[in-house]
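Letter by letter, the chains look like this.
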Amino acid sequence: MSLEFSAQAKQRIERLLTQYPTAQAALLPVLHLAQEEFGHLPDEALHLVADTLKLPPAHVFGVITFYTMFHRENTGRNELMVCTNVSCMLRGGYEILRHIEDRLGIKAGQSTPDGCFHLVEEECLAACANAPMMICGPDYYLDLTPPKVDAILEDLRRRWREGARQLPTGGSSTGGASGGPGTKTMIGIGPGYKG
Amino acid sequence: MAPATGSAGSDGTATSGWRQLRDVKIVTANFGVPDSHKLATYRTRGGWEAFRKSATMTPAEILDEVKKSNLRGRGGAGFPTGLKWSFVPKEARTVYLVVNADESEPGTCKDRELLAYDPHLLIEGMAIASYAIGCKHAYIYIRGEMMREAKIVQAALDEAYADGLLGKDHAVAGGRTFRFDITLHRGAGAYICGEETALLNSLEGKRGWPRLKPPFPAVKGLFQQATVVNNVETLMNVPQIVQRGGAWFAGLGVGKSGGTRIVCVSGHVKRPGVYELPMGIPLRDLIVDVCGGTPSGLPIKGVIPGGTSMPPLDASELDIPVEFDALMTDARIKDVEIQRGVPFDLGNGRRLKTMAGSGGIVVFDQSTDVVALCARIMRFYAHESCGQCTPCREGTGWLARVCTRLADGDGKPGDVELMGNVANGIAGNTICALGEAAAWPMMGFLTKFRSDFEAKVRKAA
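Top to bottom, those sequences are chains A and B. Note that numbering that gives the first Met the number 0 has the first sequence beginning at 0, numbered continuously upward. Note that numbering that gives the first Met the number 0 has the second sequence beginning at 0, numbered continuously upward.
The following block holds chain A by itself, in its conformation from the complex (with noise of 0.2 Å):
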């Protein structure tokens, strides 16, 4: 099966194009782009990649395997990625993990078998001053406690099963990024600053 961008996304290449002197450059960006188009970055989306930007396969094989945003199989669920870094860990990070684990019945690098969810123990996410928290696609949850923890998991899975699926790049998350700084996630409580 062989994959093509939407035509959306073409006229988004076609600008990203402009933006640097070389298309090695735009790599990045189309990336992400094919993953929020595709999901997740198979064989043949890598290849799409390749030969819309004029690459050798093995170069977009080798930074797709780079970074650990981009993945090669389908995430197309609730990624959880909750920081075990020293910020959290010494407010209870690693609590909320094990408590999420309970509560999934996964381990961390796993996923709950109905696909709803993807559980990642992650590195420092830079809001350490709202430690413990984690991030599921664009959404900030800081602050977090156990009852915090299961609110979002539940909201989460009914959203899910309502079929507003939270995609991996944040693209057209329910979640509130378009409003500004004001706008919250819904348990999100407000940024670190304190002045």
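Since the hints were made in silico from the structure, they are not lab data. Among the hints, erroneous ones may be present.
Stated by the list, open to error - Within a straight-line C-alpha distance of at most 27 Å, the following computed DSS-like cross-link-like pairs (lysine-lysine) qualify:
(1) A/Lys-53 <-> B/Lys-24
(2) A/Lys-9 <-> B/Lys-205
(3) B/Lys-150 <-> A/Lys-9
(4) B/Lys-24 <-> B/Lys-66
(5) A/Lys-147 <-> B/Lys-269
Unchecked claim - Quick look at which bits of chain A chain B covers, simulated, 3 or more residues with Cβ under 8 Å:
(6) 129-140
(7) 145-159
All figures in this text were calculated on a predicted structure; none of them were measured in a lab. All residues carry an ideal CB built from backbone N, CA and C; glycine is no exception.
Use these hints to put chain B onto chain A, whose structure you have.
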């Protein structure tokens, strides 16, 4: 800034004396203002006036003010910004400005908020910097995971384009014109891309592998052209430097560090947060007076002063000013040792103490298992090593495995010495600073908290 009344808590010697320092907000001045991310709001707050002023100046005059300001890079190294700009060769035909918004240093969470709250301040800072260094097309490399912030910044760029601030000619000094473009470029998940040459490779569509230096980016950077890479916070200081003068900015600071300091305080404090504070505030005042001390009431055991890449301080070293040079040289900070009694030499007889780094301050109290904490840091660097250089690729893995087994109670006699040796074998032997970023804290933890490590070895035996 209105912290609660200073509580003495269990670290009784803190004072609120820092409040006599001049408390000025530069990069967070618009925080808390409704719709601070919109151009109209930014304009009503005096936005783009600094650029208008800079347009009446020559690039050399702007560079001069930035040099005078003692502005130092806020990304980690604290390199003087004006000096960095001046390295761009005069004859360079194409010059790029690249904003490093790949904030990933554990303990650091300022740029994410700066981008979300005041993207137009960054854009204006970039406009002035671009004019000063002769850049026509600048890039913002934003961390891939910051999708929401990327949308906010892109919306701000769209507004600036619609308004003609970007992509159109501006009249500047000497009857000339200046126009420039900005492209927002998203990373895709790799800590190493915060290293400036790795970032440039990533921006060129390659794996984020750091480059050998020289040539330095100022000479051969992005697309093999002269390039300046600056941190978000660094550039957001530039409009005020132009507006109020380099001397004013320098006067706010201490010694050779101008301006204010943004710190991100996390870990065991009652009020974690991102604070813009006077440069040189004593660390103890920051932790106890501003952030309320430890929630447990237990005494502080130690502090990571500038992101996890920096050696920690122990409880006896908290009365030092939070300022670039003090953290590197203050005699009250112990030298980091390679092994007991042998200080690590940075070259030219300079000793390793610690650094202000990215402003990520992580506080941990007496209840903390520092071996487990150190093991977590080492696992991070093992995960993030790009794999180019053997000492880092293999060494970080060894540090992570040995430190983790020690933390888990499976340590072996000689593990402490082994970790010191491995760390010493990494430092100075790699292309980029990720090697030091792992080795320095390892040596630092072993120096400051050695008895904790030795106790773990004894317990395992």
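The hints, checked one at a time:
Pair hint A/Lys-53 plus B/Lys-24 does not hold up; C-alpha atoms about 49 Å apart against a cutoff of 27 Å. For the hint pairing A/Lys-9 with B/Lys-205, the CA-to-CA distance comes to about 22 Å; that is within 27 Å, so the pair holds. Between the alpha carbons of B/Lys-150 and A/Lys-9 the distance comes to roughly 20 Å, so the proposed pair stays at or under 27 Å and holds. Taking the CA atoms of B/Lys-24 and B/Lys-66, the gap is near 20 Å; set against the 27 Å cutoff, the hint holds.
Note on A/Lys-147 and B/Lys-269: the hinted pairing holds, with a Cα-Cα distance of about 20 Å set against a maximum of 27 Å. Interface restraint, the region 129-140 of chain A with chain B: holds (7 residues with C-beta to C-beta distance below 8 Å; minimum three). Restraint check on the region 145-159 of chain A versus chain B: 0 residues with Cβ-Cβ distances below 8 Å, three needed, restraint violated.
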